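Protein sequence lines, in the order shown, are assigned to chains Y and V.
Per the working numbering, the very first residue in the first sequence carries number 1; after that it's consecutive.
Per the working numbering, the very first residue in the second sequence carries number 1; after that it's consecutive.
Don't read these hints as lab results, they were simulated from the structure.
It is possible that some hints are incorrect.
[Unchecked claim] With a Cα cut of at most 27 Å, we get these calculated DSS-like pairs of lysine-lysine:
1. V:10 - V:104
2. Y:83 - Y:37
3. Y:154 - V:154
4. Y:259 - V:83
[Claimed, not checked] The following residues of chain Y were derived to be distant from chain V, with all beta-carbon distances above 12 Å:
5. 56
6. 129
7. 258
If you're wondering where the values come from, they're calculated on a predicted model, not measured in any experiment.
We put the beta carbon where it would ideally sit given N, CA and C, even for glycine.
Residue strings, one per chain:
Number of protein chains: 2
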Amino acid sequence: MIPGFFMISKIKIHFIRSLHQKKGREENGQFLAEGSKIVMDLMDSRFPLREIYALPEWLNSHGNLLQNRQALIAEVNENEMGKITALSSPSPVLAVFDLTSSGKVPSFPINDIVLALDGIRDPGNMGTIIRIADWFGIRQVICSEDTVELFNPKVVQATMGSIARVNVAYTSLFGWLSALTPGIPVYGTFLEGNDIYQEELASSGVIIMGNESRGISPEMDSLVNHRIFIPSFSTGNHAESLNASIATAIVCSEFRRRKKI
Amino acid sequence: MIPGFFMISKIKIHFIRSLHQKKGREENGQFLAEGSKIVMDLMDSRFPLREIYALPEWLNSHGNLLQNRQALIAEVNENEMGKITALSSPSPVLAVFDLTSSGKVPSFPINDIVLALDGIRDPGNMGTIIRIADWFGIRQVICSEDTVELFNPKVVQATMGSIARVNVAYTSLFGWLSALTPGIPVYGTFLEGNDIYQEELASSGVIIMGNESRGISPEMDSLVNHRIFIPSFSTGNHAESLNASIATAIVCSEFRRRKKI
């Protein structure tokens, strides 16, 4: 036990476990993140750090990062970490952050690519999409209200830290899209449409990615003015579709490639 | 109970559960698949169907597919399906296939793109990569021996049926690559190298995708003759890397796009 660090109490264990659930996050206005990289990325973000629970080795090697932080820092052993983790293989550090500073809805006019998620439900897809946006320098992600919650621990983990850098907002996607200046391109990805590799792609506009099973909802579909698809180069029988995060990656790659040349 | 169908026995439940594990699959030479689409795709593949366990509704609506099949067909109820499934949410059908016809190592000369997996460990990534290969008409996937097993139920599910159409072989990847005709392009994806969007990409050759954490192993690296990377279009801090299946998708998309034009 390193002097000066708190020990974890039963009530804290109960509190942290409540953050595994949406209800607990909403009631407490906080969320958790695990793993050294993700926690450190979040320590440099708009989300205020409140509490850190870490194994002694992690505290020893990261003590300098914790100086002048107004956060509760507790040393835990592996048994205690096992009680608070949301992971199947616990990491050496778990941190609690405030989620008060929610994402800002992108303001008009739009002068870059905005990624719009229309009902993405799988936490792994959601986190991976935020990581893709971060990689390709897409700073704004706007989500329909039925998109999986950003602070779900599985989403946070799948972002691999990109949650610290990408602005993710939830709103009535239909209302937001309806208010766009006419003439702004709104791209929708479908299983048919114009070949993305042949289509002219703007350097600013909205790209809508649809739900894993049902695709883009009819409501949003009515606001799409550029229907694109990713062609399969397979002859004969082939996969019926691509996973939602895979399609997002290919689309973002193609938009950014065009911007460069 | 539909007349003519078997009931499931305790020993069969035990047998099917053994197929959840690698040891059981190796000992029995069989693997399982679940879900209507995946099972039906596999029924049209090189893997012989041996047993089907399904809810009555599925049997009623798919009876025509089961005619003239030399397979054991058993009706199960939801409780029994819950005992044999490898999924957290059971599907209406689970089937057992022989895995005897293992994938063929691609023969020389190579006249298309071959995807080489160097130690992919995550079942979700592996299945997703096979689905991507299927979408882009890449018929040959060759894996190092430390790549996750194709018949792992999580891999099978993540292929969404593409396992039925893509030839996946396991071998000494170093030995196979060493035996390639000199002059065949061997592409490796790294975090640095030549910008994939600018690089000349051949329409036949090998693309190596590395392990999720350590990337391409030093052994395979020595055989790469075209080092490529996916540029980030982000300024400032950004994601350090892309997920292995995401990188595979972007690379395959770019190779196939070039082939077309």
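Evaluation of the provided hints:
1. V:10 - V:104: With a Cα-Cα distance of about 36 Å, the restraint between residue 10 (chain V) and residue 104 (chain V) is violated, given a limit of 27 Å.
2. Y:83 - Y:37: holds, 21 Å
3. Y:154 - V:154: Satisfied, since the Cα-Cα distance of roughly 18 Å is no more than 27 Å.
4. Y:259 - V:83: The given pair, whose Cα atoms are some 53 Å apart, is violated under the 27 Å limit.
5. 56: At roughly 24 Å from the nearest Cβ of chain V, residue 56 (chain Y) sits farther out than 12 Å, so the non-interface label holds.
6. 129: Its Cβ does come within 12 Å of chain V, the nearest being 9 Å, so this is violated.
7. 258: violated, 9 Å
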